[in-house]
Structures are given as C-alpha cells and as structure tokens.
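Listed below are the residues making up each chain.
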Amino acid sequence: SQQGEEDPQALSIQEGENATMNCSYKTSINNLQWYRQNSGRGLVHLILIRSNEREKHSGRLRVTLDTSKKSSSLLITASRAADTASYFCATDPTGTASKLTFGTGTRLQVTL
Amino acid sequence: DGGITQSPKYLFRKEGQNVTLSCEQNLNHDAMYWYRQDPGQGLRLIYYSQIVNDFQKGDIAEGYSVSREKKESFPLTVTSAQKNPTAFYLCASSVGQRNEQYFGPGTRLTVT
Numbered sequence: 016s017q018q019g020e021e022d023p024q025a026l027s028i029q030e031g032e033n034a035t036m037n038c039s040y041k042t043s044i045n046n047l048q049w050y051r052q053n054s055g056r057g058l059v060h061l062i063l064i065r066s067n068e069r070e071k072h073s074g075r076l077r078v079t080l081d082t083s084k085k086s087s088s089l090l091i092t093a094s095r096a097a098d099t100a101s102y103f104c105a106t107d108p109t110g111t112a113s114k115l116t117f118g119t120g121t122r123l124q125v126t127l
Numbered sequence: 005d006g007g008i009t010q011s012p013k014y015l016f017r018k019e020g021q022n023v024t025l026s027c028e029q030n031l032n033h034d035a036m037y038w039y040r041q042d043p044g045q046g047l048r049l050i051y052y053s054q055i056v057n058d059f060q061k062g063d064i065a066e067g068y069s070v071s072r073e074k075k076e077s078f079p080l081t082v083t084s085a086q087k088n089p090t091a092f093y094l095c096a097s098s099v100g101q102r103n104e105q106y107f108g109p110g111t112r113l114t115v116t
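Read top to bottom, the protein sequences are chains A and B. Quick note, our numbering runs 15 ahead of the 1-based positions in the first sequence. Quick note, our numbering runs 4 ahead of the 1-based positions in the second sequence.
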C-alpha cells in the first residue's frame with residue numbers, strides 16, 4: 016500500500032531557486048526518510064527524521080516533520096541542475112527499516 | 005567497494021517464461037528486499053528477507069518467488085503467473101543499526 020503521497024507530482028524550477036516538496040502519510044511512524052532517484056537508477060538515501068524531531072538539516076537539504084498533521088517537507092536550497100531527479104519519502108513504522116512504505120514521488124527538473 | 009549489484013540491467017523475455025533476477029550484496033547486511041516500480045510511481049514491496057533461509061511476502065508477492073540461501077544473495081523469480089511483469093525491479097538491503105535501505109541499480113524487465 017502506498018502510505019506516502021507526495022505533492023507536487025512534478026516541479027520545474029531554475030538553477031539557484033529553492034525547491035519544496037511535501038509528503039503526507041496515514042499511520043504512525045518511527046521515522047520518515049527521503050530518497051533520491053536519478054532516471055533509471057536505484058534510490059539513494061538523503062536524510063532521516065525521527066518522529067520526535069521537528070526539523071533536520073543536511074547540507075542544502077532541510078526536512079521538517081509535523082506528526083500532528085502527518086506530513087513532512089523537503090526543501091532543497093540553491094538548487095543545481097544536478098539536483099534533477101525524483102524524490103521519494105518513505106515511512107518507517109518500526110525504526111528498523113524492515114517495512115518502509117514509499118510515496119509516489121516528486122519529479123524535480125532544475126533548468127539552467 | 006561495498007554495494008549491491010543487480011544483473012542484468014535490461015532483460016527481455018517472452019510471455020509465459022519464468023525469469024530470475026539476480027541481487028548480490030557485499031555489505032554484510034542481514035535484511036534484503038525486492039521492490040517493483042512502474043512508470044511514474046513509487047516502489048511497491050514484493051518480498052523481503054531479514055535473515056538467511058527466511059523471507060516474507062510483501063504487498064504484491066503474487067506471481068513472484070524468492071530464495072535466501074546465502075546472506076549475500078536474494079534472487080527474485082518472476083513466474084508466468086505474474087500477469088503484468090514488465091517493470092523496473094529494485095533490490096535493497098539494510099542493517100539493523102542503521103535505519104536506511106541501500107539500493108542496487110535496478111533491472112528493467114520487459115515481457116512481450
């Protein structure tokens with residue numbers, strides 16, 4: 016079952032702009048993760064935020080989590096053409112990564 | 005280098021034939037997973053294994069089979085019973101101390 020729904024489905028911005036994508040989920044979680052997928056490739060883990068955290072940073076990435084609204088957002092600041100990819104949220108109910116449920120993804124296009 | 009390998013990258017089969025997709029990891033991870041990804045969609049879990057000689061069905065196991073005879077290997081067989089096998093298949097692994105999953109590069113299967 017697809018627990019995470021991402022919004023928007025697609026996003027096109029210019030290099031240097033910020034990109035924000037959102038994820039909503041339905042059940043309780045231990046943590047929420049964001050992954051990146053370049054076209055035709057495997058997924059790469061970006062960042063994890065635990066249910067007791069509200070915000071986390073990693074380089075140009077900022078993730079927020081609102082467990083009362085069951086939602087998360089991923090902000091990529093000062094985007095680059097190399098950030099062009101699909102981004103997926105994944106919810107982890109147990110904290111063991113054994114049953115991640117992935118969202119439908121946001122396709123980000125960064126143009127020069 | 006440690007990582008997950010999937011072979012082949014592209015696979016073509018005729019309808020009615022079984023086909024086995026390879027997944028090997030040298031990360032010493034206990035858990036391994038198979039996902040299916042259809043165009044423009046998120047990942048759906050087919051099977052997962054948390055330990056050698058043990059595996060569980062995921063959300064869409066019908067028409068698929070797996071084995072886990074070695075820690076390093078988790079092959080997926082797409083049987084002729086799978087009604088719509090054409091898809092991108094991703095293998096992943098994880099280890100208990102870390103909450104993220106590591107993904108292979110994927111195999112694109114086309115059945116005609």
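Please note that the accuracy of each hint is not assured.
Far from chain B by the CB rule (all over 12 Å, computed), these chain A residues [said to hold, decoys possible]:
hint, residue
1, E21
2, N45
3, T82
4, A97
5, T111
Distance condition first, Cα-Cα at most 27 Å in a straight line; then the derived DSS-like pairs of lysine-lysine [what the hints assert, rightly or not]:
hint, chain 1, residue 1, chain 2, residue 2
6, B, K75, A, K114
7, B, K18, A, K114
8, B, K74, B, K61
9, A, K114, A, K71
10, B, K13, A, K114
11, B, K75, B, K18
12, A, K41, B, K13
13, A, K114, A, K41
14, A, K71, A, K85
15, A, K84, A, K114
16, B, K87, A, K114
17, B, K13, B, K74
18, A, K71, A, K41
19, B, K61, A, K114
20, A, K84, A, K41
21, A, K41, A, K85
In case anyone wonders, no lab produced these hints; they're calculated from the structure. Glycine residues also receive a C-beta, built at the ideal position from the N, C-alpha and C atoms.
The hints, checked one at a time:
1. E21: violated (8 Å)
2. N45: The claim is violated: N45(A) sits with its nearest Cβ about 8 Å from chain B, within 12 Å.
3. T82: The assertion about T82(A) holds, with a minimum of 17 Å to chain B.
4. A97: holds (18 Å)
5. T111: violated (6 Å)
6. K75(B) with K114(A): Holds - the C-alpha atoms of K114(A) and K75(B) are around 19 Å apart, at most 27 Å.
7. K18(B) with K114(A): Between K18(B) and K114(A) the Cα gap is close to 32 Å, so the pair fails against 27 Å, i.e. violated.
8. K74(B) with K61(B): Distance of about 18 Å is within 27 Å: holds.
9. K114(A) with K71(A): holds (23 Å)
10. K13(B) with K114(A): It holds: about 25 Å lies between the C-alpha atoms, which stays within 27 Å.
11. K75(B) with K18(B): With a Cα-Cα distance of about 31 Å, the restraint between K75(B) and K18(B) is violated, given a limit of 27 Å.
12. K41(A) with K13(B): violated (34 Å)
13. K114(A) with K41(A): This hinted pair holds, its Cα atoms lying about 15 Å apart.
14. K71(A) with K85(A): holds (16 Å)
15. K84(A) with K114(A): Distance of about 22 Å is within 27 Å: holds.
16. K87(B) with K114(A): holds (25 Å)
17. K13(B) with K74(B): Status holds; Cα separation ~22 Å.
18. K71(A) with K41(A): holds (21 Å)
19. K61(B) with K114(A): With a Cα-Cα distance of about 11 Å, the restraint between K61(B) and K114(A) holds, given a limit of 27 Å.
20. K84(A) with K41(A): holds (9 Å)
21. K41(A) with K85(A): holds (7 Å)
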